[in-house]
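Novice: In case you want the letters, here they are:
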Amino acid sequence: MRRDGPLFVTFVAALVSLVAFFVPHALVSGPADALAGTAVVVLACGFVLGGIQLVRVNLDAVVHRREGWPYRLVLVVALVATVAAGFVEGPGFATAGTRSRWIYDTVYAPLAASILALLAFFVVAAAFRALRVRSVATALLAGSAVMVLLGRVPLGAWLTAALPAPLRLPSLAGWILDVPQAAARRALLMSAAVGVIAAGFRILVGIDRPHVGNDDLPPGSEGA
Amino acid sequence: MIAAALAVLLAVAPVAAAPPGDSTQIAAPEPPSGLEVTDAPEDAGQALDLHWKPSPSDQPGTSIVSGYRIERATSPGGPWTVVDSLPAGVTATQDVTARRNLEYYYRVIATGPGGGTPAGSVTGPVRATAQWLRRTRIAALATVAVLIVVLFSAVTRAESGWRPRARRVPALDAIDEAVRRAAGAGRPLLFVPGLHDVDDLQTAAALDLLGEVARRCARAGARLHVRVAFPVVFALAEDVVRRAYEGEGRADALSPDMIELLAPEPSAATAAVMGGLRRERPASGVLAGAFASEALLVVESGAEAGAFQVAGSANVTALPFLVTSADHTLVAEELFGAGPELSEDPRRLATRRAAELAIALVVAAVLIGCALETAGIHTFTTFLARGLP
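The listed protein sequences correspond, in order, to chains P and Z.
Residues in the first sequence are numbered from 212 upward in steps of one, following the numbering used here.
Residues in the second sequence are numbered from 4 upward in steps of one, following the numbering used here.
Honestly, the hints are just simulated from the structure, not real lab data.
All C-beta atoms, glycine included, are put in the ideal place defined by N, C-alpha and C.
Relax, there's no trap hidden among the hints.
Covered, in the sense of this in silico footprint (three residues per stretch, anywhere, with C-beta under 8 Å from a C-beta of chain P), are these stretches of chain Z:
id: 1; segment: 231-238
id: 2; segment: 259-270
id: 3; segment: 327-339
id: 4; segment: 354-361
Looking at chain Z on its own, in the form it has when it is part of the complex (with noise of 0.2 Å):
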């Protein structure tokens, strides 16, 4: 008797349980609340940001909320449009369709297979503005300022007689020698000013390197080769090319295969690279530019094929590789200033001056950082982090 009794309560719970009405209905999830849009900082007025409290039906698990619609208006009383849809969980946003100075009002409605809420209340009215500093970059601004101040002050004093001098570089000192490898062996030069395109300042570097390099080249004899990876830099490099050869009075041993476009795609222009070494078998080797992992392929190739090489990037990633395959290698500022320090024109070399007199200050800001730090002070590093708050 009692276990029939159970069997009969157990069969009616579940009904009991259930909503009055349908079982299958399910309730619209309650509304969000608490939406506040704010200007979106540091920007051109173009992005407005929002932020609001979950629906309470947004619970994880157990959550009847699939989503949230974001819709915006330019009166509080529509009509409205639909700018974001977001999944369940996410309370926070940004309008970046808005127009700036444009006064906007917002709402966010809770979505979920019973349907959408109702808006509970309207945000408004809020515009995007434009700004006109960059707080967090302030710091950035005052350094570059000061590099900027330096280094102007050294290209007057050149101009006004002073006559910095070149400073002895093993790896510079090494490119001469490269030169007269290739000249005295009769095997080509290869020079490859990285696998990146020109919108980075290290192609720029190289190109200018490639010009000392193609003078001296066109000096001596030796054959070059230049092999580029993307389009721009290879009329870049030609152009570098024949005004080195014209300025030497060598315009007649420039050829059309003097320089090459590759691919530029890193691993296409790689295997270009490796195949180039190993068939031609340069007796040196310049690879100067911005490289990633394949340098290592690039480098040791050129090794493997028996090259006097001089290497160099500012890639953190590419110069373990170099520093370790090639003969001598130029690291980080040195390949920026391989150009000028080659050159010996007294404005580029004041700027190279310059540039180590501007390592010196930001080696003392480290060390200043470090000594305020020690001692608890974290304003200057705060500052110099994240800038004015």
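Just chain P, with the same shape it has in the complex (with noise of 0.2 Å):
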């Protein structure tokens, strides 16, 4: 009986929403917007909480000296002195010459931007993996890869400058994108709308209950 009220709201919520969608009329993008607006409260609250298991969990390992303490002592310490910074800068924290915005600026962005650096790195190692050819499949992935990569630099076309113009590294590169791939990720797009409907569905009806556990639906239970 407890899951009953969560469940009902669930339903109301995600029918409101489900309906907002396609009716547009105050009626209905009222209470939709309200309900946008509630959940924006929710996870709010929710960053509160998350921060204080943050600090739970990490400060534990660090008092036990587990595995890898000090980068959870790091962890403990930066987050206390962001949070410090935010509340002596008070509510405009986030312009620029704020602490808060300091620490931001000088170490945040720089290892965020760092970590995003080994994309290219981490890019030839998947490069190498993928290009190995090992069947017929992975030949055709290696054979398009290689065309788009040569069609795409000044390379490609002049090694194929003399053939007809069709048959250039350049023509066969678009086509690849503009013909399989786009008919590939385009299938792909419909396959997750399919799914992304299933879920919702299972979600909006009480089927799928993730956030009050599924455990009364035990395997192969007669469901209802």
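With the hints as a guide, bring the two chains together.
Specialist: Structure follows, in structure tokens:
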């Protein structure tokens, strides 16, 4: 019985949000906007609880000298320092010239950029793994990749300049991107859309209930 | 003599070309015209669309118009309130501050260094009204309605005794293998339910899958490490794992650091997952949910750490990376069907079978659309793309 309340709220919220996608009238969009605003408040509360949990778990690991505890100490110190700077600066904490902004610009942004810069090296490693020819499928993948890579640089045009225009590498690369690649991409998107609708339906009617638990639905149960 | 006369003429010419009076005075621009105000379509009655013809003085390169000012009143005589200011060259805007079913009058004024032109005419009365249906989304509505009918009938059938078979998906079989490897090696199984928040339905699907993975870990005695990026996902993951372990009678195996909150920033969360993979060297990993390009960093780090990895996402940008570096991949709809497929619950399995039927219907619609387009009939594809006119 204690799950009926959350399930009812989920049903109403999901139904109103779904209907508001198709019905713009204020009688529907008003409640839908209010629900979206409520979700923002709930998410904000989640951040407070999350921060508390973060400090609790990591401090515990530091106190008990668990594996990797120095990293956790750095995390806690950085978290406390950033939050403290935000409190000191007040409402305009994110504007230029504040301590919070200094921490963001000189510590966080360079670290984040460094992490994303690693992508270039990882792409090379992943490409090497993908281009090893092991089957017909990987041979096709490798062949297409080589054609697209060469077709996007001047070298590809120079190498195939003597061929008829449709057979030159830039044309072939364009065809691969515009036809088979676009078709596969759209197929994936349509498949994902069906999956989203099915998952949404399960949550809407209470078959999936990750927020209250599925334990009253043991494997092979009668269901309803 | 002729040269002297030319010199005098050249000196006088600019003065003669200048307007009479003060040479520094700039004329006000000519007024814009043809202001049309219409109710914004497909909204809740909160906006009006405005279009006008530019001032004749608003010419590229030689414009003396610096912008247009839109004014609004509730009676033709004013008082007027400025609702928008736009740069020269712009001839349309939307007033999103209008209130539903209230009559308004509008005028547009061209402004420049020489001042504002007196408004030519007033347009009105006009009112913003709410519509009951987004006609451009009618095709989406029809599609969703058909899919809901298909899903509903499948669930009803399952409730009447139909037992749909679980379909063998290699990536789902690999999840059992991942659990076995973690239990056998005595090293953890890392689960990352994507790096997005719970408002992405992929995260909900990943949490559903987490429940099944946690159940299997509890049964096999494998150590489970869950790393999440957002606080609400953390709370849900904690609940899902606790229920799974309690359901298997292994509440004693739960530990506070089993589920960790990382950071709600993709790069920071990625760095934390990468660090964890290198330090903890898990035997296996299940990385399923919403990822962007950072998926490559995560899954490639796992591969380098020697982990047996099952990955899954519906993000088209992440999928090529996951397919390349993970051992098995749940592609698009498979991610949403993973939890139901592993649960073996008839109703949930029925929705998976219904989703497969829905995909077949979508494929049929695509083929019909291709055939009609080839035959020069565009009605069907236009309806799907733009809805009703």
